Amino acid sequence: MDDIFAGGRHPSGDDLAVPRRTDPAPFRSLMSPAADASLPKAPDYARDLNLDQIVAAITAGHESLDLEPLYYTRLRDSDGIVYRHDVMRDLEKPEIIARLRRFLSAIREVHEGLAIAAKLYHPRQKDRVFVDAVLRYVAEIEALAKDLTSLPLDSRGLRGVAGHLAALAASSELRALREGGERVKADLSAIRYSIAIHGDTVTVRAYDDEADYSAEVTATFARFRQDAAKDYRVNYPDERSMNSVEERILDRLAGLFPEPFSALARYAEQNRDFFDPIIDRCFRELHFYLLYLDFIAPLRAAGLPFCYPAVSTRDKRCFFRDTFDLALAAKLVKENTPVVTNNVFLRGQERIFVVSGPNQGGKTTFVRTFGQLHHLAALGLPIPGRKARLFLPDAIHAHFEREETVVSLRGKLEDDLIRIHDILTAATPDSLILMNEIFSSTTLADAVFLATRIMERIIALDCLAVCVTFMDELASLAPRVVVSMISTVVPEDPARRTLKVVRRPADGKAYAWSIAEKYRLTRAWLDRRLAP
Numbered sequence: 001m002d003d004i005f006a007g008g009r010h011p012s013g014d015d016l017a018v019p020r021r022t023d024p025a026p027f028r029s030l031m032s033p034a035a036d037a038s039l040p041k042a043p044d045y046a047r048d049l050n051l052d053q054i055v056a057a058i059t060a061g062h063e064s065l066d067l068e069p070l071y072y073t074r075l076r077d078s079d080g081i082v083y084r085h086d087v088m089r090d091l092e093k094p095e096i097i098a099r100l101r102r103f104l105s106a107i108r109e110v111h112e113g114l115a116i117a118a119k120l121y122h123p124r125q126k127d128r129v130f131v132d133a134v135l136r137y138v139a140e141i142e143a144l145a146k147d148l149t150s151l152p153l154d155s156r157g158l159r160g161v162a163g164h165l166a167a168l169a170a171s172s173e174l175r176a177l178r179e180g181g182e183r184v185k186a187d188l189s190a191i192r193y194s195i196a197i198h199g200d201t202v203t204v205r206a207y208d209d210e211a212d213y214s215a216e217v218t219a220t221f222a223r224f225r226q227d228a229a230k231d232y233r234v235n236y237p238d239e240r241s242m243n244s245v246e247e248r249i250l251d252r253l254a255g256l257f258p259e260p261f262s263a264l265a266r267y268a269e270q271n272r273d274f275f276d277p278i279i280d281r282c283f284r285e286l287h288f289y290l291l292y293l294d295f296i297a298p299l300r301a302a303g304l305p306f307c308y309p310a311v312s313t314r315d316k317r318c319f320f321r322d323t324f325d326l327a328l329a330a331k332l333v334k335e336n337t338p339v340v341t342n343n344v345f346l347r348g349q350e351r352i353f354v355v356s357g358p359n360q361g362g363k364t365t366f367v368r369t370f371g372q373l374h375h376l377a378a379l380g381l382p383i384p385g386r387k388a389r390l391f392l393p394d395a396i397h398a399h400f401e402r403e404e405t406v407v408s409l410r411g412k413l414e415d416d417l418i419r420i421h422d423i424l425t426a427a428t429p430d431s432l433i434l435m436n437e438i439f440s441s442t443t444l445a446d447a448v449f450l451a452t453r454i455m456e457r458i459i460a461l462d463c464l465a466v467c468v469t470f471m472d473e474l475a476s477l478a479p480r481v482v483v484s485m486i487s488t489v490v491p492e493d494p495a496r497r498t499l500k501v502v503r504r505p506a507d508g509k510a511y512a513w514s515i516a517e518k519y520r521l522t523r524a525w526l527d528r529r530l531a532p
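If you read the sequence shown in my numbering, its first letter stands for residue 1, the second for the next number, and so on.
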């Protein structure tokens, strides 16, 4: 299949020959070297292509980070795609990913500390827990800034993170944050006080060199110590919130030692927004990359290939070797079921796949796969397949069969026509159109007539498209533009599907029984329906 680009440029893509930026542009994000991209909601095609299932599985357990919009923000900038590819390649290096996972764990603990502080009632306790979170944050920033200098960072994104961390670690602001927190913590730790309990009265006073008998008691009874015995003490949970007695004791201490507690309050008030916004953004963006790697790790372990595709915004030729439906593969691997892969390509003026064949033969999986590949590639992530090249569409439009709803007050045929009309109105020559089993609710003659008119519009538009259909006639339209694909069956037993989709002229001979079965027109169905 490599020879389909023979005589042209290397299949790494004409748009991928992007020179490395050498200007000292300030680091902004791990997602893009340019301005921040908008964060959309899930597109309409997410459910049709099972992308919603993929994103839900990736982000499970991390809902607080609001990662879903990142997995729906497609790029149409080859430099941005290369930027993300390079970050992902760096993150696939064991020493880098291990260190950054420790960083994420530490920052997660900082966030957890801040969340605990926010839930506490007593202001002085809140401020003390806040100081611990700040010092943990500062220590991790300084440690990571040092560690990244010895790691093999090749991507602009992670080099940008390293540079930003180095500047932050050396800044007077971070130094003041660390020194101020350590000073507050040391001053509080230096407080010495005594508590006298008599009945229901608790007296708090400054320590006045009273004798500490704990050491003497321990030494006296040490001679009676025997081998370790079973510990019958009850371990009570560590309650963060103080009870009313503890709160009164703390208030009394603040009255006895006003300066350390005043310094604590000032430190907390002056540093409420201590989190560096770029580090906070990178914390979220690193999850975008690492959670995807975690999601595909079991598939790779099962032998399924992933690759970094070559992309173009001008050349519509494409190929995918050994590709597969990511959502379906994730499910099959869990069930220890083999995953069928396919090879796909468009060359020259070819723009449209017309996919026919028996039901349950892999046709819908094919169109979903094609859509998934284009969406995932536009995210700058590794995509299913051993090798791939594709065009970055400006939009993905999908028409999949939907159930009729009472709310719309439209019949299925009318709904199909309106939805397809909307797609053709919005589509441009740079769009990707995906259609799955259109006009299955009308007669064959009407379906062929309507589908032919739609295909002619798509051909004239010169955009990429996939049409899954039971109408073989569509596969013979404009042979230089339309490619016929069929889902194959075992030659000796046409009822058995191989789930392979190959380039082959449609003939329909092996699928008459499947079509009759779908529409309940077999002898068995007819006998059942006509029985008195």
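These are calculated hints, taken from the structure and not from any lab test. It is possible that some hints are incorrect.
To be verified - Straight line, CA to CA, 27 Å or less: simulated DSS-like cross-link-like pairs of lysine-lysine:
{"#": "1", "residue 1": "K500", "residue 2": "K387"}
{"#": "2", "residue 1": "K331", "residue 2": "K146"}
{"#": "3", "residue 1": "K412", "residue 2": "K331"}
{"#": "4", "residue 1": "K185", "residue 2": "K126"}
{"#": "5", "residue 1": "K334", "residue 2": "K500"}
{"#": "6", "residue 1": "K146", "residue 2": "K119"}
{"#": "7", "residue 1": "K387", "residue 2": "K93"}
{"#": "8", "residue 1": "K334", "residue 2": "K93"}
{"#": "9", "residue 1": "K331", "residue 2": "K41"}
{"#": "10", "residue 1": "K387", "residue 2": "K334"}
{"#": "11", "residue 1": "K185", "residue 2": "K119"}
{"#": "12", "residue 1": "K146", "residue 2": "K93"}
Only a predicted model underlies this, so the values are computations on that prediction, with no experimental measurement involved.
Structure-based check of all given hints:
1. K500 <-> K387: holds (18 Å)
2. K331 <-> K146: Violated, at roughly 41 Å.
3. K412 <-> K331: Judged against 27 Å, a Cα distance of about 31 Å means the pair is violated.
4. K185 <-> K126: Status holds; Cα separation ~14 Å.
5. K334 <-> K500: holds (21 Å)
6. K146 <-> K119: violated (34 Å)
7. K387 <-> K93: holds (20 Å)
8. K334 <-> K93: holds (26 Å)
9. K331 <-> K41: Holds, at roughly 25 Å.
10. K387 <-> K334: holds (24 Å)
11. K185 <-> K119: holds (21 Å)
12. K146 <-> K93: holds (18 Å)
Checked against the numbered hints listed earlier, the structure breaks hints 2, 3, 6; every other hint is satisfied.
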